[in-house]
Amino acid sequence: MAEFSQAAIIGVSLGAQYALLALGFTLIFGILGVVNFAHGGFYMLGGYVAYSCVAYAGLPYPLAVLVAVIATGALGWIFELYLLERMVDDHLATLMLTLGLYLVMSTGLLTIFGPLSMEFAFPVKGAMHLGPIYVPRENLIVLAICLTTIAALWLVLYRTDLGRGLRALADDRAIAMAQGLRPKLLFPLAFAIATALAGLTGALVTPILSLSPGVGDPVLATSFLTVILGGLGSLEGAALAAFVVGVVEAFSSVYFGGSIGALVLFVLVLLLLVFRPTGLLGRTVRGA
Amino acid sequence: MLLQIEDLWVRYGGITALSGISIDVPEGETVLLVGANGAGKSSTINAIIGLVPTAKGRIVFGGTDLTHIPCERRARLGIGFSPEGRRVFPTMTVTDNVLSGAFGLGRKRQMEALDWLRSAFPLLVDRATQPAGQLSGGQQQIVALARAMASFPKLLLMDEPFLGLAPVWIKQISDAILQLRARGTTVLMTEQMARPALKLATSGYVMRGGEVRRSGPVDTIRDLALADEYL
Amino acid sequence: MRHLLLAVAAIMLPATAFAQSCELKIGAMGPMSGGGAQWGLSMKSAAELAAAEVNQQGGVKIDGKTCKVAVVSYDSKYTPDGAAAGANALAGQDIHLIIGPVGSVENAAVKPVAARNGELAWNAAYATNAQEPKYPLMFQVSPPPAIWADLVIKRAMKTFPMKSVAIVVPNDQTGTDVASVDGAAYKANGVAATSEFYQRGTTNFAPIITRVLATHPDAVDTASSAPGDAGVIVKQLRLAGFTGPIGRVGGPGTAEILRVSGGMDVLKDFYWYEAVPTDDPKVQAIDDEYRKLLGHDPVGGTTFWSYLPGARMTMKALQTAGTNDADKVAAVLRTMPVEDPNIGKGYWTGKKYFGIQQTLFFPFGIGIIKDGKNLGVERQEAQPE
Amino acid sequence: MRRNLLGWADLIALLVLAAGFFVPMLTHSVLVYSILNQVFTGVIAAESVWIMLRMNLLSFATPTFMAIGGYTVAIAGEYNVTDAFLMTAASFILPALVAIPLGALVLRLRGTYFVLVTFVLSQIMQLVLFETPSLTGGSNGIAGVPPVTLFGTEMGTNRQVLEFACGLAMLATLITGLLTRWFRQHFAAIEENEILAESLGLVVWRYKAMGFVVAAGISGLAGYSLVNMLLTAHPSSFDSGTAVDFIAYTIIGGRVSILGPVLGTGALVYATNLFGTHGQYAQGLYGVLILVVVLVARGGIVGTVAALWRRRTS
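Chains as they are written, first to last, in my numbering: chain A, 1 to 288; chain B, 289 to 519; chain C, 520 to 904; chain D, 905 to 1218.
These are calculated hints, taken from the structure and not from any lab test.
Errors might be hidden in some of the hints.
Stated by the list, open to error - Below, simulated SDA-like cross-link-like pairs (lysine to any residue); rule was C-alpha separation at most 20 Å, straight line:
#1 C/Lys787 to A/Ala121
#2 A/Lys184 to A/Val88
#3 C/Lys787 to A/Tyr158
#4 A/Lys184 to B/Gly373
Build the full structure now, drawing on both the sequences and the hints.
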C-alpha cells in the first residue's frame, strides 16, 4: 500500500512537469503547425540560465527562474520572428530549422558550460514523511508552480482576446487572418509562450534532478509521447495525457522495473492508437 | 464608390480563374455575384480579402489600393468576411467565434458587438458555450455571419451564405442581411441559388468562366441569373 | 549569415591549411557531444598532454625525421557508427595511433574496423568482450571491474558491514555487464545482490528508487551509471529516507555525483572505485603540468588521469619503434614495463579474463566517505596477474 | 500513353551511384572508402524516407525496419548463412512483412501525427532489442558478423565491402525508381490532396500501404548494408535519432526528385566526416549547415540547382 501511494505521488509530480512541457509543445504545433525539435533545448537553456543567474550573478533562485523564463521566451520570439516565420507554411522546413537550432543550442551550452553536471540545488530541501510515505518539499513547490502555470495558461487561452486569437489561428489559419488576426504578431508570441514554458520547466526541474548537456533529449521524447496520447493540437488532451504518462510511468516502473516500465508506456500508446487513432481528446488532424 | 475592382486577373498555377473583371460596389448597397460553380465568384471574394494574390489589376477599397496590403490588414480596414463553407473555428465556443471577429477592438466595443448580434440572432445566446463545430450547417452560417459582423465592417463579403441550407435558415439569414442593410452596411455576396439572393440585392453581376457576362440593377440581370441556376 | 559562413570556414581551415613538412598526427576519439562528452574531452586532454610533453623534448624521430606530434580529435557521438566512421576518418589522415574510444558501445564497432585499417586503439570499456585475442591492436588503459571489484567490495565492507545490496544501472551494454560482474563479486563476499535496470534517458529516478527500497537493501550500488544519473539517484535515495551506504563499484565521477546530489551531507556514507589514486599529490600535479604546457585547464578528472599513462606509453613506444606502423608500435608496447612518472608502477593484465595481456593495471584508489566526512582515496597497489 | 519504367532522374541517380564501382581503381584511401560506404548506406535509408515523402508522409520508422533487416543478416550470420542474394532478399522481405500489420496501424494517421507515431515506433524497437537478448544479443548486440559471400566467394576486403554496398544502393535506387515512377500519378494525387484523391475514386490506402511496405523493405536493405560495413549489429546503430539524419539527407538534398536523397546524403555524410574531426563542435556545425541550407537553399540542393538552371535558360 505504501508503494502504491508513493507511486501515485511520484506520478502526479511527474505529470505536472510533463504537462508544462507538453502544453508548450502542443501550443506550437497547434498554432504554427511546427513540430518543435528544439523543445528540449529550451528546457536545457532554462536550466542553464537559471543556474548562471544563481551561480554568477548571485540572484535569488525565484528571480533566476524569472530571468530564465524571460530569456527562453525572448529567444523563442526571435527564432520564430526571424527564421521560422520565413517558411512557416513548409512543415518539413520548419522541422529542420528547429532541429538545426537544437543542435546549435546544445553545442553552444556544451562549449560554454562544459560536459559535467552543474552544482545547482533547489533552495528548499528535505521531505515530509508520513509513515512509510514521503513527499519531497521541492516537488510540492514545483507541483504548485506547475499547476498555477497551467491554470494561468488556461485563463490566457480561454478568457482573453489573445487566447481567442491564438486558438482561432490554430483552428483555421487562413480564415483567422481574413478576420484580421495578425499572425506576424501572434505567431512569435505563441512560440515565445511555449518556449518560456519549456524554460520554466527547465529552471524548476533541473535543480531537482540534474543539469548537463543532454538533459534535453528525453524531454523531446516525453513530449512526443504525451502529445500522441493526448491528441495533436488539443491542449486539454495534452494536459490530461501528461498526467496519464506520469502516473503510468511511475506505476509501471515501480511494479515492473525501469526498462519494462518504459515498454508498458509505449504499448499503452499503441493500444490507444488502435482504438482511438486521434488520441484521447484529439480531433481530425491537419496535413503536414 | 466603396469598392472598385478594375481589370482583375487571378491565376492558380496555370489555370486562369478570373480574366479581367471589373466590379463596382456603391456604398450602402447590396451587390450580388451570381453564376454557376467555377464561374469565378469565390475567386473574386478571396482576391478582395487577400486569400489569393492578384495577378493583374486593382482593388480599391474606400480610396485605398489593397493590392499590396496583406490579408490581415485588409480586415482591419473595415472588411468583414463570411467565407464559403462557413469555416467557423470548430473547437471554439460560439461566443468565442463571434468575439474573434472583433479581435483587438477593446472590451467595450466587443461587448457592444456581442449584445447587438445576440439580439439579432437568439441562437448565439442559446448555444453560447457550445463548440461551433458541433452546430448544424445553418447554425454555423449564422455564427460565421455574426463573426464577420462583429467588427462593425463597412463592407461585408459573404461567399455562398445559403449553400446547402434548409429554407428555414435561408429565411433567417435573409432577414439578417436585410437588417444589416438597414444599418447602412454595404454587402457584396455571391450565390449559386439566385432566387432568394435576388430578393436581397440591389444590383448584380452574372459571371461565367471567370468573366462578367452582364451587370446592372437586379431586374436587368434576373433572367440570365435564373437561367444559370438551372443549368 | 555571411559571418556565420566565415566562422564555419575559419574552424575548418586548420585541419587542412598547415600541412607542415613533418607532423605526426595521433587521434583522440570519443564522445565529445551529448551525455558522454566528458569522457571524450578528457581523453583528448590526455592525448594533448602526452603530445605536448614529447614536443617539448623536440618531438619524435620517425623514419629518420624529427616530427612534432599533433592531436586530431573525432567526435564518435557514443555510437558504433560514429566510432567506426571515426576510425576510418582517422586512418584516412594516416593516423594509426588512437587514444580512445571509451565505451563498450564504440569499442565493439572500432575493433574490426581498426584491425582492417591497422590502427592501434586504447579503450576503457567494461564489456566482458572488450578485449579479444583476435584483435591484437586493441589496448586497455584500465582493467574492467572483474579485476578490482572484489578488492573494492572487501574494503567497503570493513567500513560498512552489509548483508544485501541493490545494484542500479542503465539497461545498456556496460550497465548489464557491470551489474553481473559486481553482483558476482558481492555474492562471493556473502552479500546478497539484486540488479535494477533503468531505461537510458531516465531523468527522474523516484519510481526506480521506490522499487529498490521496497526490497530493503543494506546498501545501494550505482555501479556504472553516468555520474549525472548517479547524482540524482543519491539525492532521491536520501530524500526517500534511505540511510545506508551508497556505493559506486564502477566508473569514475564521484566529484560530479557530489555536486549533483547536493554535497557531503547528502552523500553521507559512500564508497567508490577510482581508476587512479586521485588524492595522490603526484597525480594531481598532472593538471599543473597540463596548464604549464598548454596554457589552459584540462578537461580533467579521473578519465583524464587514467588515459594519460596509456597515451604517454604510446608516445614512448612510437619513439622506440621509430615508425608510425601500428603493428610495430604495438609490438614495442607489449614489451614495455608498465610505469608512469605520476601514477607509479603497474603491470600488464587481462590474460586470464580476456585471453590477451594488453590491459594496463596501475595503482588505483578506493574512496570512502563516512558520516559526511571524506576519508580520502586510499591508494591500492596493482597486483601482477 | 506509354509509361516509362524509369525517368531521367532515376537514371542519373543510378549512374552517380555506379561511379562507386570505379572509385577503387582511383584510390585506396580508407577515408574515401569509409565515406562512400556511409553514403551508400545513407542513400538507401534516405530513399525509404523519400518514398514516404512522395505521399506527404514524413516517416521516422526507417531505423525500425533497418534494425529488422540488419539483425536478420546478423542472426543468419551466426548460422553461417551469408549468401548475398539470399540475404538481400531476406533483409528486404522480412521488414516488408512486418510493415504490413504496422502499416495497418499507423497509416490511418496523417501529417504530424504520423511523424510522432513513427518516432515512437523506432523507440519501441530499441526496447524490443534490449529485451530480447537471446535472439538479438540484447544490449551487447551481435558482434563479429561474417562478411557476405557472393557465389561462394567471401567479400571481406575494404574494396569488396564498398562494391557490395554500392550494389545494394543501386538495387534500392532501382526499386525506388520503379515504384515511384509506376505509381507516379497516384502518389502525386495523394501528395497534392489526399481527401480529393479519395473522393475521385483513388483507393488511397492501397497505394499508401504499398509505399510503406516497399519503403520498409528498402530500409531493411540499408540495415543490411550498415551491418555488413560495421560487421556488428548493435541497438544504438538503429537509434530513433538516426532517423533524423536520414530525413535531413532527404530534405537537404531536395524532396522533388530521387536525386535529392542521393546528393543530400553525399553532401551531409561528407560534412559529418569533415566536422567529426572538430570534436565537440561537430554537432553544432551540422546544425548550422542545416539552418543555412534550409534558409538559403529552399527546395534543397536539387531544387536550388533546378531553379538556377531555369533562371539561366529562361
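Status of the hints after comparison with the structure:
1. C/Lys787 to A/Ala121: 17 Å, holds
2. A/Lys184 to A/Val88: Holds. A/Lys184 to A/Val88 sits at ~11 Å (cutoff 20 Å).
3. C/Lys787 to A/Tyr158: 50 Å, violated
4. A/Lys184 to B/Gly373: It is violated: about 26 Å lies between the C-alpha atoms, which goes past 20 Å.
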